[in-house]
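Sequences and hints are given; from them, build the entire structure.
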Amino acid sequence: MTSRTKCRGWKNRLLIGTTIFSLSWSLGPVARAQDADVVGRVNGQEITADDLATAEQMYSQQLGQMPEDAKRSVLVDALIELKIVADAARAANVAEQDAYKRQLAFFEAQTLRSLFLEQRVAAAVTDAAVRAAYAEQAAKIPPVLERRLRHILLRSESDALEVISALKAGRAFAELAEERSVDELSKQNGGDLGFIAEGQIMPEIDAVAAKLQPGEFTQTPVATAFGFHVVWLEATRNRPAPPFDAVAPQIRQALAASEERRIISELRAAAKVEKLIADVTPPEAEDGHEH
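Numbering-wise (full-length UniProt numbering), the sequence shown opens with residue 1 and increments by one.
It should be emphasised that the hints constitute simulated quantities derived from the structure, not laboratory data.
Hints are supplied without guarantee of correctness; some may be wrong.
[Unchecked claim] Calculated cross-link-like contacts (lysine-lysine; reagent style DSS-like; alpha-carbon spacing at most 25 Å):
#1 K71 x K83
#2 K275 x K101
#3 K168 x K187
#4 K168 x K211
#5 K187 x K211
#6 K168 x K140
Here it is, written out as C-alpha cells:
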C-alpha cells in the first residue's frame, strides 16, 4: 500500500464523522484571532490553526498515537477536502434543503448542550472539589493491617535452626538471607517480602507473624509446602489510602458525571416535558460473560 493510499484511507475515516464540523463552516466566516497561523487555503479561503485544533479535538480517538507531524498532515488534508466538498454543496444549494436545515438544527442543539454542560461541570468540579472528595473517601476506607516481613527459606529444618542460631548470635537478617535463602527472588533484597495484609500470605507464616513484635524473628522454623522459613517482622501499619495523583482522574470523572446528571435532572424538572411514546427499558448490553 502506498503512502498516498494510506493517507486517503485516514481522510476517508475522518470525513465520515464531519457533519458537525462542515455544518459549522457553512454558517459563514467566523471571526478569528489576527495572529492565527494559516495551515492551508482552498480557493483563497484560509484554514487556520484554530480549525486544526478543533478538528484534532473532534478526531483525537480516531487518530490514536499517530506522530504529531503525521497527525497535522492528515488533519489538514481532511479539512481541505471538507472545505472543497462543503463549497460544492453550497453551490448546489444543499443549504436550502429541508434535510440540511433539520440536521443543522439538531447539531446546533447538540453542540450547545455539549458546551453548556462542559462549562457548568468545569465550574463545579474544581481541583479543590476533587481533593475534598478524595479526603472524604480516604477517611471511609476501613483499616487493613499490613506487616512488612522478611524471610529466609531453607530446604531442611536443620538448616533453618542454623540460621536461627546465627541470628541469635547477632548476624544481620538481610545478610543471612542473601547467603542462605533458596528463595532466589527475595534473597536479592535481604529476604524482604514487602508489606503484606493479613490473609494474603501462607497461613503458616501469617499465624507466626501475628505473634511477633517489630524487630523480632521466629525462634523455631516455620514449615510450609515450600520448605522451612525463618520469618522477621520489620514493621506494621494500617494500609494507606491510594495516592491522590493515582486516583484523581477517576474521582474527577465520577464527579463530572454526577454533576452532569444533577444539571440535567434539575433542568428537566423545571421544564414541561411530554413523551408521547411508551417508556421501554432497553436490554442490558452484552458484557461477554455468561451469567
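Results for each hint:
no. : hint        : in the structure
1   : K71 x K83   : 18 Å, holds
2   : K275 x K101 : 24 Å, holds
3   : K168 x K187 : 20 Å, holds
4   : K168 x K211 : 18 Å, holds
5   : K187 x K211 : 24 Å, holds
6   : K168 x K140 : 43 Å, violated
Of the numbered hints stated above, the single one contradicted by the structure is hint 6.
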